[in-house]
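Produce the entire structure from the sequences given, and follow the hints as far as they go.
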Amino acid sequence: KRINKVGESYYGVPVKTLLGKNVKDLEKSGFFNQSVARIVLQDQKRVTMTQTTKSGKHLIVTGNPIFNDNGEITRVVVNSRDISELLNLRKQLENTEQLAESYRQQLLKLSQEKARSSELIAESPQMKRVLEMVDKVAQVDSTVLITGESGVGKGVLASRLHKLSKRSDGPFITINCGAIPENLLESELFGY
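Number 177 marks the last residue of the sequence shown (the numbering used here); no jumps.
No wet-lab data here; the hints were simulated from the structure. Keep in mind the model is a prediction, meaning the values are calculated, not measured. Ideal Cβ positions, reconstructed from N, Cα and C, are used throughout, including at glycine. Careful: at least some of the hints might be erroneous.
What the hints assert, rightly or not - Quick list of the computed label-pair ranges, beta carbon to beta carbon:
1) T33 x S96: 43 to 49 Å
2) G176 x G136: 28 to 34 Å
3) G155 x E82: 21 to 27 Å
Said to hold, decoys possible - DSBU-like cross-link-like pairs, simulated, lysine-lysine; straight-line CA separation at most 35 Å:
4) K76 x K151
5) K76 x K9
6) K94 x K76
7) K76 x K(-10)
8) K13 x K30
9) K39 x K13
10) K151 x K113
11) K139 x K99
12) K139 x K151
13) K121 x K99
14) K148 x K99
15) K39 x K(-10)
16) K76 x K42
17) K94 x K113
18) K30 x K76
19) K42 x K30
20) K1 x K13
21) K42 x K(-10)
22) K30 x K6
23) K94 x K148
Right under this line is the structure:
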């Protein structure tokens, strides 16, 4: 029976166009995607929901039933708030987060490429395969054991693996197991 001027701006039509109209008819004609008043009348309780108007506004609407002494609804009071700007800000935030993630991925890729190119130079096909394997293993969050004879570059490979991994911000510890007596090895690695 009543609508204020703010409601007029939400729905994009003069107040007189809406007054006296049945909410089901307004819903069918597309003034809004669903009527909170209709749902309150149907469910017999307070309802809060989002609503999109014909003018493209996004609203959060709350319908409050007013009951008479017999427990019948005599009217529904609807409070509407425009959340269009909030939704736009949310979308901008999501876009910004996606852009930041894209930049993080590019930065990770660039730092990995720098690490690949700065330390090792390999000519033999066997060593190139080893470096490719290190590059692949670095993408997996896993513990790696590198074995081999003294002086073959295990520490250099381990350092490269660490720099390329997602753990590169954490500490890097090299353990020369040959220098630890066998009876102390387990306690050194896993604690006492």
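Now for the hints, and whether the structure bears them out:
no., hint, in the structure
1, T33 x S96: 43 to 49 Å, "holds, 48 Å"
2, G176 x G136: 28 to 34 Å, "holds, 30 Å"
3, G155 x E82: 21 to 27 Å, "holds, 25 Å"
4, K76 x K151, "holds, 29 Å"
5, K76 x K9, "holds, 31 Å"
6, K94 x K76, "holds, 27 Å"
7, K76 x K(-10), "holds, 29 Å"
8, K13 x K30, "holds, 23 Å"
9, K39 x K13, "holds, 11 Å"
10, K151 x K113, "holds, 22 Å"
11, K139 x K99, "holds, 20 Å"
12, K139 x K151, "holds, 20 Å"
13, K121 x K99, "holds, 16 Å"
14, K148 x K99, "holds, 10 Å"
15, K39 x K(-10), "holds, 16 Å"
16, K76 x K42, "holds, 15 Å"
17, K94 x K113, "holds, 19 Å"
18, K30 x K76, "holds, 32 Å"
19, K42 x K30, "holds, 25 Å"
20, K1 x K13, "holds, 18 Å"
21, K42 x K(-10), "holds, 15 Å"
22, K30 x K6, "holds, 22 Å"
23, K94 x K148, "holds, 12 Å"
In terms of the numbered hints stated before, the structure departs from none.
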